[in-house]
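Following the hints, complete the assembly by docking chains W and V onto the known chain Z.
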Amino acid sequence: MLELIVISTLNGVLFGMLLFLLSSGLTVIFSMMGVLNFAHASFYMLGAFFGYQLTRWIGFWPALILAPLLVGAVGMAVERYGLRQTHKHGHVAELLLTFGLAFAIEQVVQMIWGKLPMDYRVPELLDFPAFTIFSTNYPAYKMFMLLVSVVIFIALLVVLKRTRVGLIVQAALTHPSMVAHLGHNVGRVFMLVFGVGTALAAVAGVIAGPALVTQSDMAALLGPILFVVIVVGGLGSLPGAFFASLLIGLLQTFAVSMNGSLASVFGPLDPSTGASLLTDVWNVTIAQIAPILPYVLLVLVLIVRPMGLMGTRET
Amino acid sequence: MTELTSSAPSPTGSTPARNIGFYAAWGIFILAVVLLPLIFRSGGSHTTFSLIGIAAIFALSYNILLGQTGLLSFGHAVYYGLGGFLAVHGMNAIAAHGLPVPLPFVPLIGGFAGLMFGIVIGWVSTQRAGTVFAMISLGIGELVASSSLILRSFFGGEAGITTNRTDLPALFGWNFGPQIQVYYLIGFWLVISAIAMYALTRTPLGRMCNAVRDNPERVQFIGYDPHVIRYLSFCFAGFFAGIAGALAAINFEIANAAYLGAVQSGVVLFATFIGGVSYFFGPILGAIVVTMLQLELSDVTTVWQLYFGIIFIGIVMFAPGGLASLLMMHRPLVRAGTLSMILPAYLIAIVPTLLFACGVILTIEILAAYSQGNAASSTIRLFRIPFEAANPMTWLAAAVLTIGGFFVARMTWRGVTAAWDRAMTAARERGYHA
Amino acid sequence: MRKLMLAALALPVLALPVFGTPASAADTVKIGYIDPLSGGGASVGEGGLKTFQYLADQINAEGGILGQKVEIVPLDNKTNPQESLIQAQKAVDAGIHYITQGNGSAVAAALSDFVAKHNSRNPGKEMLYFNYAAVDPILTNEKCNYWHFRWDANSDIKMEALTNYMKGVPTIKKVYLINQDYSFGQSVRTEARKMLAAKRPDVQIVGDELHPLLKITDFAPYIAKIKASGADSVVTGNWGQDIALLLKAAADAGLKVNWYTYYAGGAGGPTAIKQTGLDHQVFQINEGIPNAGYKPSVEFEKTFRAKVHMSLWYPRAVNEMRMFKAAAEKAKSLDPVKVAAALEGLEFDVLDGGKGVMRKEDHQFLQPIYISSFGSLTDKEPFDEEGTGWGWKEVAKVDTAQATLPTTCKMKRP
Chain Z
1 MLELIVISTL
11 NGVLFGMLLF
21 LLSSGLTVIF
31 SMMGVLNFAH
41 ASFYMLGAFF
51 GYQLTRWIGF
61 WPALILAPLL
71 VGAVGMAVER
81 YGLRQTHKHG
91 HVAELLLTFG
101 LAFAIEQVVQ
111 MIWGKLPMDY
121 RVPELLDFPA
131 FTIFSTNYPA
141 YKMFMLLVSV
151 VIFIALLVVL
161 KRTRVGLIVQ
171 AALTHPSMVA
181 HLGHNVGRVF
191 MLVFGVGTAL
201 AAVAGVIAGP
211 ALVTQSDMAA
221 LLGPILFVVI
231 VVGGLGSLPG
241 AFFASLLIGL
251 LQTFAVSMNG
261 SLASVFGPLD
271 PSTGASLLTD
281 VWNVTIAQIA
291 PILPYVLLVL
301 VLIVRPMGLM
311 GTRET
Chain W
1001 MTELTSSAPS
1011 PTGSTPARNI
1021 GFYAAWGIFI
1031 LAVVLLPLIF
1041 RSGGSHTTFS
1051 LIGIAAIFAL
1061 SYNILLGQTG
1071 LLSFGHAVYY
1081 GLGGFLAVHG
1091 MNAIAAHGLP
1101 VPLPFVPLIG
1111 GFAGLMFGIV
1121 IGWVSTQRAG
1131 TVFAMISLGI
1141 GELVASSSLI
1151 LRSFFGGEAG
1161 ITTNRTDLPA
1171 LFGWNFGPQI
1181 QVYYLIGFWL
1191 VISAIAMYAL
1201 TRTPLGRMCN
1211 AVRDNPERVQ
1221 FIGYDPHVIR
1231 YLSFCFAGFF
1241 AGIAGALAAI
1251 NFEIANAAYL
1261 GAVQSGVVLF
1271 ATFIGGVSYF
1281 FGPILGAIVV
1291 TMLQLELSDV
1301 TTVWQLYFGI
1311 IFIGIVMFAP
1321 GGLASLLMMH
1331 RPLVRAGTLS
1341 MILPAYLIAI
1351 VPTLLFACGV
1361 ILTIEILAAY
1371 SQGNAASSTI
1381 RLFRIPFEAA
1391 NPMTWLAAAV
1401 LTIGGFFVAR
1411 MTWRGVTAAW
1421 DRAMTAARER
1431 GYHA
Chain V
2001 MRKLMLAALA
2011 LPVLALPVFG
2021 TPASAADTVK
2031 IGYIDPLSGG
2041 GASVGEGGLK
2051 TFQYLADQIN
2061 AEGGILGQKV
2071 EIVPLDNKTN
2081 PQESLIQAQK
2091 AVDAGIHYIT
2101 QGNGSAVAAA
2111 LSDFVAKHNS
2121 RNPGKEMLYF
2131 NYAAVDPILT
2141 NEKCNYWHFR
2151 WDANSDIKME
2161 ALTNYMKGVP
2171 TIKKVYLINQ
2181 DYSFGQSVRT
2191 EARKMLAAKR
2201 PDVQIVGDEL
2211 HPLLKITDFA
2221 PYIAKIKASG
2231 ADSVVTGNWG
2241 QDIALLLKAA
2251 ADAGLKVNWY
2261 TYYAGGAGGP
2271 TAIKQTGLDH
2281 QVFQINEGIP
2291 NAGYKPSVEF
2301 EKTFRAKVHM
2311 SLWYPRAVNE
2321 MRMFKAAAEK
2331 AKSLDPVKVA
2341 AALEGLEFDV
2351 LDGGKGVMRK
2361 EDHQFLQPIY
2371 ISSFGSLTDK
2381 EPFDEEGTGW
2391 GWKEVAKVDT
2401 AQATLPTTCK
2411 MKRP
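Chains as they are written, first to last, in the working numbering: chain Z, 1 to 315; chain W, 1001 to 1434; chain V, 2001 to 2414.
This is chain Z alone, in the form it adopts within the complex (with noise of 0.2 angstroms):
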């Protein structure tokens, strides 16, 4: 028992912080500017194959610097010639926007790299069990991905709270046209907030794509649990962000390890009714049910408290 409540806990520590890396940059763009980027799955897959790529030329350390880079640069691109002219039709227009630039990364990210999973590996460095914990191997791997989210973590809250940009950034979450009355061009801190935010998804990538499956359907994969973290984590707060992401890590992962259900406390129902609803219901263990305790999450908080757990701002 005590070696599933520690191994479930490290589990969910570690998919928590893979969400946060995905979600911090997400969480940057929806609080500062609105816009349901539903592309930011899409950044994070580019960052993948990006990564993925340059590690063939140049290697990984390199590549774990240039690809974000690279996808900022993208995304600023996205953010200028796209959401900007978008921006004055109102939300929808913006999320719809994504919605059409998720649909061609897909299938540009084909077209380049093809449909089948990329032979994307742990650099060598890395390549080794970090501890054994009851006869289970934790790889040094995964202590780099949650070495890299806690330092972005920290590096982000820093540039928000103790530098000017962070200022106007912070100003902008709760006062966005004062600022631009203030005279600060808003636009290019969209711009910039918007490159920083895909930039950040494509680290994710990088450091996600090897531990993970490197393929052209792996932004679907991750899409509305982002908007789930950000949500229930409270807009525009880093973190909340922070929060949700371990939240919902553990919760998904205590969830698996449990195997109970209606029929396990109660007893199981008399076979003779056959199967019905109640049947379902009574036999689903919690461990199904697992991936959709999110969104009741999600629901719940929404409905008890708007502005998310530790937002400020109702959204």
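You may find that some hints are simply not true.
Said to hold, decoys possible - Listed next, the stretches of chain Z that the computed footprint assigns to chain W, with coverage defined by at least 3 CB atoms under 8 angstroms from CB atoms of chain W:
1. 76-86
2. 136-148
3. 221-230
4. 259-267
5. 277-283
6. 287-297
7. 302-309
No lab work stands behind these hints: they were computed from the structure.
From the three backbone atoms N, C-alpha and C, an ideal C-beta is built for every residue, glycine too.
Same frame as chain Z, but now just chains W and V:
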């Protein structure tokens, strides 16, 4: 999320001439629904028309939320899907018990299913508008779609539940086996639903929905509860989505998890927006375009997703009011009789524009042929003209068309802009405003 | 105004349907290939398409079927049942009488239903449905249908073959079941429980997991459970990313068990296994591998790889096309009704050696089944997979008689 601008149709301008135009438009619509399948007689076109009809009802129902009440939903397919499932269960029950209910009444089952779930789910989710509503709808959409795989006895798991529409009692000798009979069933419901939904926009409730969309605070000041109005609008949207879902179930004779999923919710959002949310007929246009794209695009090109993406980006960026507002911006010109001033400019501009589009298509297809590794043997057919993907002349043609077409098109469109201004000024002088 | 201009630029793209589809001559027999050619399942669907096109070319080079050329018409269903029905309708409009499909049991169930209804409503315009990979047992049991023929062993038969093999492996003591939570995964799990209990009552089932289909990004918690259970073998019907991610997570955690899988050999599977370094610990059940050394199969694989640049995923597709030809020639007609009658009970020497038969009662093809493991190769096994240097090695061959189950099908014949 409240920036959805929309011009509410003015209730005051009901001159006799307008009335004639109004009834003529509906008359043409009904006539088209009746006559089109008699003109295009292949089985394929009947299938296409049926799907367009279903998509049109669905998109119109979505526009009750998006266009009229300003609610952006990511989970509208929930009501469509549940309507479909209830309809299939209803059809199976009718067939099993030999009830005297003919098929044309089955969509009501779906409608009431949609309404019921709208009543249950709507109350909590419409408490707020904007992002909160959007995210709740996203969450509920995922929840229902995932549960459909868990609650197997009702949803039939991944395979879904099948039915046989010909097992129901025949009506006037129609057993609804042939596609054309199903089409007319769908067409009948399309006309009924469209009229009902249009009437809804003219009721005080419809007006209040617009008010809630534009300024919920003022609605509150004058003594209405925006939550209740959003809720009522949500229930109506659920009802008509349920009808559309039931019609889909009748058409395919199967209901499965794909009905409820995020893809279906996304498609209806696309169709409604592309068509244009500000005009009642916009979603119908959008339904036609999106259904045709879904059906045809994958037949003619392997990289249809890329075209899909480009088309949407193009429309969102350059025609954010949708196709409907693109058409309607010509209305003052037509009324003032100055449309002829701009047509020549259009005709001149269309040639390089088409050439530019051909260039883009050719470029994409060449790249696609290379990326699939069969460039050497691949022939691209554009307007029935074959191009060899591996031939440098083809590359040259693509480059010339794309680059040349772009610059020439840009020049000619400046002419269009000038002509437009002239025509518009003339129209204004005659007292017609945009 | 600028807006208007650019919208007009975008509009002509809507006129795409001007692309012409190549006209085909009247003396061809067309087979509609309804499988995903875009979206998530596209990598698999494209491989299948190339396979069928190769097979059609091969038949055409030998003079076609009854003098008619075979043409494969690709129809993209995006792995969506509704879309598949639309594509099937398109096939009907194009005068196609044979359709083939493999990916997704939901799609297969919808298509089987469609074909049955179509044939009963349109006598004289019958169409046949050749299923090459959808393995839900229900298609040849409760929902069996005269117009549906299946060349892949259904999942119950595969489990029968697998458990017949496991019966003779005494080192298997604790088995863990992990499957996708939908009809196929559930039938794998129920049959595994039932058959293991009957054939190896000493084997303990230490875990029985269902996880959502294609939604899991991190399998580490599942691996933790497997590890905690002390299992020595895992049986899984997972496919696509669900098998790849599962194996990766296992390798990361250092889990040492044997993996008995249905689909580890699918597109991308070998790459993932090579990455994990699980040498000869992953087993698959299928109808044959060229490394088993059967001469015609080796020859076929060589020419196939040289021409199509992929390995043959679907030996059953070869059986399907060759049997189609044989049945048409036996019936001396390409009329679907006569071909269907000729296919019933047709015996056939399968590509990988041995006798197979299209069972009359349920239209399930019965054939020998192979268990093979993936890993480093010796000189005797010339074929690797996906350029990894690793390949499949025969572990056991289960004869047709050992890979057969009774059917509950009560077929309605026309």
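(Q) Going through the numbered hints above, which ones does this structure break? Give me the numbers in ascending order. (A) Those not satisfied are hints 2, 4.
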